[in-house]
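One-letter residues, chain by chain:
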Amino acid sequence: MTSQIPFAAVEFAANPEPRCPCVLALDTSASMAGPRLQELQAGLSQLKDELAADPLARKRVELAVLSFGGSVRLLTDFTTVDAFEPPLLRADGLTPMGGAIAAALDLVKARKQIYRSNGVAYYRPWVFLLTDGEPNDQWQGSAHAVRDAEQNRQLAFFAVGIGDANLDVLRQVSLRAPLLLKGLRFREMFQWLSSSLKSVSHSGLTDETRLENPAAPDGWAKV
Amino acid sequence: MGQGLKPPRPSRWNRVHAVVAGTHRGDIATVQDAVALTEIGGSASPTLLVAVADGAGSALHGQAGARLAVATALATMRGRVLRAGRSRSVRSALDGAGMARVLAAVQRALYRIAGPDALREHATTLLLVAADDDATACAQVGDGAIVVRDEGAWRAVFWPDQGEYLNTTRFVTEADPGLRTALLGPVPALALLTDGLQTLALDYAARAPHPPFFAGLFAELERFDGPVLAPALADFLASPGVRARTDDDLTLVLALRRPPAC
Chain A
0 MTSQIPFAAV
10 EFAANPEPRC
20 PCVLALDTSA
30 SMAGPRLQEL
40 QAGLSQLKDE
50 LAADPLARKR
60 VELAVLSFGG
70 SVRLLTDFTT
80 VDAFEPPLLR
90 ADGLTPMGGA
100 IAAALDLVKA
110 RKQIYRSNGV
120 AYYRPWVFLL
130 TDGEPNDQWQ
140 GSAHAVRDAE
150 QNRQLAFFAV
160 GIGDANLDVL
170 RQVSLRAPLL
180 LKGLRFREMF
190 QWLSSSLKSV
200 SHSGLTDETR
210 LENPAAPDGW
220 AKV
Chain B
0 MGQGLKPPRP
10 SRWNRVHAVV
20 AGTHRGDIAT
30 VQDAVALTEI
40 GGSASPTLLV
50 AVADGAGSAL
60 HGQAGARLAV
70 ATALATMRGR
80 VLRAGRSRSV
90 RSALDGAGMA
100 RVLAAVQRAL
110 YRIAGPDALR
120 EHATTLLLVA
130 ADDDATACAQ
140 VGDGAIVVRD
150 EGAWRAVFWP
160 DQGEYLNTTR
170 FVTEADPGLR
180 TALLGPVPAL
190 ALLTDGLQTL
200 ALDYAARAPH
210 PPFFAGLFAE
220 LERFDGPVLA
230 PALADFLASP
240 GVRARTDDDL
250 TLVLALRRPP
260 AC
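Protein chains in written order, with numbering that gives the first Met the number 0: chain A, 0 to 222; chain B, 0 to 261.
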């Protein structure tokens with residue numbers, strides 16, 4: 000049997016879609032209560048909607064959500080965007096940031112292992128940390144681990160401070176300069192995150208995507 | 000001279016290629032992929048030469064880099080084969096050492112136009128094939144794939160070099176680009192593809208070409224002449240079925256050896 004249109008019968012390999020994993024580590028300590036948490040909650044929904052509207056990103060981007068307020072909780076384990084439901088955030092307690100970072104690194108490591116054993120190609124994982132305070136736990140070990148991992152290109156770590164966040168601590172955690180959110184521009188921030196993840200997940204190609212500068216004058220952050 | 004009006008020797012290879020622009024750079028509709036190919040005829044053993052390059056998406060002049068890379072590589076491979084004495088053999092001209100010389104020529108050419116500062120902005124991958132009746136020489140820097148038919152099976156000569164992550168690879172502009180070379184016997188069919196097609200054409204779990212992909216493509220090349228097929232191949236690469244899986248630039252070169260004439 001031959002088809003009329005040349006090449007119409009060519010069959011593709013049934014490779015799983017390559018995955019672009021991103022951990023959101025969100026500060027939900029008591030100080031986040033109120034408008035901050037509401038805006039953050041709305042931003043999460045928006046992130047889902049924007050990624051879901053993109054046919055490749057919805058199949059390739061995987062989100063996991065960790066919260067750290069009082070304790071570190073895995074609210075959502077890695078799931079592709081089309082199955083992602085933004086978890087409900089609740090503000091409570093202190094800021095165990097060191098524990099949250101360690102949990103995020105473990106999460107990424109375990110996910111890569113799953114990809115590898117299933118023959119799934121993947122992009123460099125992202126960890127996106129958001130905090131309005133400073134850690135009240137041991138964080139130096141985690142900071143060291145992040146810098147190590149970033150240097151070895153095991154992941155890309157982004158730290159964003161809100162309000163009175165202790166940027167000195169974030170500077171010691173992240174090799175990339177931490178950003179300070181302007182006011183409550185969570186929406187713009189998540190828009191940046193979604194378009195950055197979109198371009199990474201589209202990049203099927205040969206190298207790192209150039210990201211828009213969030214600290215541009217009209218951006219959502221300052222350095 | 001004095002040979003009269005001998006009819007031109009028909010090409011030893013039925014070949015077709017297409018390059019289509021990706022849809023991922025909405026604003027910049029430039030293709031970063033480049034192809035150059037030629038056949039050196041007239042000798043006892045006609046030779047097919049192919050070069051394919053994929054300019055780095057993040058490099059400012061990835062397109063210029065890719066184009067210069069394939070033009071230089073083709074000219075250098077051609078020169079080496081023609082200078083290889085009476086035999087003009089791929090085996091002697093383009094073995095591992097020969098291919099290393101071709102890469103060095105490409106690096107020099109890029110350096111000449113870019114200088115030390117802009118070299119990174121001309122980053123590109125490179126796939127090279129030279130095939131005559133005796134041997135098939137292959138060389139590769141970075142990702143993409145050279146696939147040959149070998150004793151009835153499809154085989155990727157090298158597995159794409161992309162490090163741990165899908166969106167990172169090696170480029171000819173690096174100090175040590177990790178050139179890989181191989182000298183195979185004659186092959187009846189070969190294909191070159193850039194990384195945009197990898198997830199369709201290669202089976203990642205098996206780390207091997209996906210046989211139905213290549214069988215389907217070469218079935219058409221058995222039936223039609225390359226030039227006739229070229230528009231259909233470009234249409235195929237731009238078709239929704241392909242585009243649902245990748246929005247990168249796509250380059251595909253197919254060559255099928257013709258049965259020896261008379």
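What the hints contain is simulated information worked out from the structure, not anything from laboratory work.
No residue lacks a Cβ here, since even glycine has one placed at the ideal position from N, Cα and C.
Among the clues, some could well be false.
[Stated by the list, open to error] Each pair of labels, with its calculated beta carbon distance range: (1) A:Glu10 with B:Pro187: 19 to 25 angstroms; (2) B:Ser238 with A:Asp136: 50 to 56 angstroms; (3) B:Gly78 with A:Gln171: 55 to 61 angstroms; (4) B:Gly78 with A:Ala176: 48 to 54 angstroms; (5) A:Ser44 with B:Gly162: 44 to 50 angstroms.
Quick rundown of the hints versus the structure:
Judged by the Cβ atoms, the range 19 to 25 angstroms given for A:Glu10 and B:Pro187 holds: they are separated by roughly 21 angstroms. Take B:Ser238 and A:Asp136: their Cβ atoms lie about 54 angstroms apart, and the range 50 to 56 angstroms holds. Remark: the range hint 55 to 61 angstroms for B:Gly78 to A:Gln171 is upheld by a beta-carbon distance near 56 angstroms. Separation of B:Gly78 from A:Ala176 is about 50 angstroms and conforms to the stated range, judged on CB atoms against 48 to 54 angstroms.
One distance hint, 44 to 50 angstroms for the beta-carbon pair A:Ser44 and B:Gly162, is violated here, with the actual separation near 35 angstroms.
The structure is inconsistent with hint 5 alone, although it conforms to all the rest.
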